[in-house]
Amino acid sequence: MRIEIKWKLSILVLILSIASILSVIIVSVSYLNNRSLELIESKESIIGTTVGHLIDEYLDIGFGIDELEGMNKQLQLIASQYKEISSAYITDLNGKIIYHNKADLIGSMTNLEKFDQKAQKIGDGVLLNTVTLNGTTYYETVLPIIFNEEILGRIRIDVPQGIIMESTRRLVMIYIYVIIISFIGIMAITVLLIRKLVEPLSRLKESTDYMARGNYSIRSNISSDDEIGDLSRAFNYMAEEIEKNHRELEQNVQDLKKLITIKTDFLHTVNHQIRTPLTALIGYLSLWRDKRYSKLPLKKQEEINQKITLAADQLSLIIEGMMEAVEVEGGNIRLKIEDIDLTDLAEQTIKGNFEETLKDKKLSLTKDIGKNIGVISDKKYLISIIMNLLDNAIRYTTKGSVGFQLKKTDRSVIIKVEDTGIGLSEEDKKILYDKFSRGSEAMKISPSGNGIGLYITKQMVEELGGTITASSPGRNKGATFIAQIPEIYETHKHITN
Amino acid sequence: MKHINILLIEDELLLRSLFKDTLALPSEYKDVDFRIDTAADFKEALVKLENGPVPDVIILDLRLPSGDPNAKQTPEKEYGFEILKRIVSDKKFTFTPVIVFTNLADRESEQMAYRLGAGEFIVKSRSLPTELFDRIVKVCQECAKLKVNKNASNKTP
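Taken in sequence, the protein lines are chains H and Z. For the first sequence, the numbering used here gives the first residue as 1174, with consecutive numbering after it. For the second sequence, the numbering used here gives the first residue as 21, with consecutive numbering after it.
Be careful, since some hints might not be right.
[To be verified] Result set (DSSO-like, lysine-lysine): computed pairs, CA atoms no more than 27 angstroms apart in a straight line: (1) Lys1544(H) - Lys1602(H); (2) Lys1617(H) - Lys105(Z); (3) Lys1617(H) - Lys165(Z); (4) Lys1532(H) - Lys1553(H); (5) Lys50(Z) - Lys1468(H); (6) Lys1464(H) - Lys158(Z); (7) Lys1650(H) - Lys1589(H); (8) Lys165(Z) - Lys105(Z); (9) Lys22(Z) - Lys1473(H).
[What the hints assert, rightly or not] The calculated label-pair distances, taken between Cβ atoms and stated as ranges, are: (10) His1445(H) - Val74(Z): 40 to 48 angstroms; (11) Lys1472(H) - Val74(Z): 27 to 35 angstroms; (12) Glu96(Z) - Thr1434(H): 19 to 27 angstroms; (13) Glu96(Z) - Asn1545(H): 46 to 54 angstroms; (14) Lys111(Z) - Lys1535(H): 55 to 63 angstroms.
To be clear, the hints were calculated from the coordinates, so they are not data collected in a lab. This one's a predicted model, so the numbers in the text were calculated from it and none came from an experiment. Note that beta-carbon positions come from the ideal geometry of N, C-alpha and C, so glycine has one too.
Using the sequences and the hints, build the whole thing.
Set out below in structure tokens:
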């Protein structure tokens, strides 16, 4: 059965406090009882002795024991002086009361022998009785009157037991008040104690629950300089480590997932993209090796040779494309970010690569390059992007012009390539950036192509944190590609698919 | 002179020409004249099946593009299987065997093809064009026997 610490503590405190209070009460009450008793005893003794001396004087002079005039009055005086004394009287050997402070009791017989026998000796012949008369119990001091070595009578002083009880009772009342107050105090202290000790533990437990549910950023704010505080700090340290580990694991998992996707894609690509040119290549090679090959007309032989080369080229193109794709998919590890003069870069790229082809195809190129456009980005990627876009534009345009524009907007640069070529149909737009996909018109115009160019371009643009859009009024009405790239490359801001 | 009319349904240009060029080699089969008709996508295949003459054998590639100018042109095996279904369910082609000629080398595709009624399942990259023709001839011979038998049984009183 579960008993919480607060109950265990409370019960313990309760038992301890009750035990101590009870023992204090018992000890002090019995002590006080004894004290009162002693006091009464001594008082009674003194009084008894005083009366005894008085009687002795009378007896010395020659009075008889029953001739002491004024003894009653003397006893009355004593009784009035000492309020606790209820009876002060003298009995003779037979037990008859000779003198009494209460006049109406003089002459009556007592039967005190039985009590005398049980009495306690407290001094020279002095006895202390506990006497019960008419239902009331008294403490009685008994002093014998001795003259000439003869006991003539006894002096008896009575104090009702009730009086002692009375004072004891008063004391007990005080004690009860003290108990109640200290009890409240103890309760208060216990509650405080519980709060300070037990509550932090409960809070700490809650924190562990949070963590168990996956919230690794939870921390404990208990900072007391004791073992509980130590536990709390240890917990926080542990939580910190767990969070760090978890983040690392998450990161690793993400990376692995990405790699798995790349691998799977790669394998699918191998399967579909490579098999066709490979099949053609193997097939044509088998024809070439067939014994009947030499019987073919030379023209046909030449055709077959060409197709072998074509198949091999296609295969190589696909493989190249696959390699480019994997490299670009692998993430931004290879980006080299630096200060680049994009104006200069664009000019150089265009000059070095396209002038020949443009001349051959009789296409005109219009350049609109903004001056002194600087960016902080990756040079290789930018070159590739510009080249891919221009390559596409030129490849799919048979007549007219290609326009290249480079300008700056407030936080990015725009690379815009327009052409007057075969344009994009709706069908084309759907598969435009897909790996290895080519539009039907595109395949007619340029049969050798692996369809990877725009896929790579898009990956690169997005890796740099930018976006690419394509538009076209329709088939044979030209196309426009716009790549928008941030002026300053920021890590983690690229779009990952 | 025996004629074997082949309908080749294949989307890759290079493979279609490989097929045709194989025929340029002097035939190993005496007295057999192979004639080839081709279809490059789903739509074209349907047209040829519908309107064209009944071929002696159909060579079917599974991954075909739709041929619909408004739709995506990525080749899907669904089109190939659909053509197969239609051929098998059409009475016209009762005596026309279908040789599935594809690069999908997985078990499921093979089982699916046979279940739908294909006569043969050949993986492109594992076979040579000359082998394919051997198969074509064999399959046609079997089918011819079947045809003859069937016709013969029809005539029995």
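How the hints compare with the structure:
1. A C-alpha spacing of about 33 angstroms is found between Lys1544(H) and Lys1602(H), which places the hinted pair above 27 angstroms, so the restraint is violated.
2. The straight-line distance between the Cα atoms of Lys1617(H) and Lys105(Z) is roughly 31 angstroms, outside the 27 angstroms bound, and the hint therefore fails.
3. For a cut-off of 27 angstroms, the pair hint linking Lys1617(H) to Lys165(Z) is broken: about 44 angstroms separates their Cα positions.
4. Between the alpha carbons of Lys1532(H) and Lys1553(H) the distance comes to roughly 26 angstroms, so the proposed pair stays at or under 27 angstroms and holds.
5. Our distance criterion of 27 angstroms between C-alpha atoms is met by Lys50(Z) and Lys1468(H), whose separation comes to about 16 angstroms.
6. Between the alpha carbons of Lys1464(H) and Lys158(Z) the distance comes to roughly 22 angstroms, so the proposed pair stays at or under 27 angstroms and holds.
7. Restraint check for Lys1650(H) and Lys1589(H): satisfied, since their Cα atoms lie roughly 17 angstroms apart, inside the 27 angstroms limit.
8. Note on Lys165(Z) and Lys105(Z): the hinted pairing holds, with a Cα-Cα distance of about 24 angstroms set against a maximum of 27 angstroms.
9. Restraint check for Lys22(Z) and Lys1473(H): satisfied, since their Cα atoms lie roughly 25 angstroms apart, inside the 27 angstroms limit.
10. A C-beta distance of roughly 32 angstroms is found between His1445(H) and Val74(Z), which places it outside the suggested range of 40 to 48 angstroms.
11. The hinted range of 27 to 35 angstroms is satisfied by Lys1472(H) and Val74(Z), whose Cβ atoms lie roughly 34 angstroms apart.
12. At roughly 21 angstroms, the beta-carbon separation of Glu96(Z) and Thr1434(H) lies within the given 19 to 27 angstroms, and the hint holds.
13. Checked against the hint of 46 to 54 angstroms, the C-beta distance between Glu96(Z) and Asn1545(H) comes to roughly 51 angstroms, which is consistent with it.
14. The beta-carbon spacing between Lys111(Z) and Lys1535(H), approximately 57 angstroms, falls within the hinted interval of 55 to 63 angstroms.
Figure legend: structure checked against the earlier numbered hints; hints not met, in rising order: 1, 2, 3, 10.
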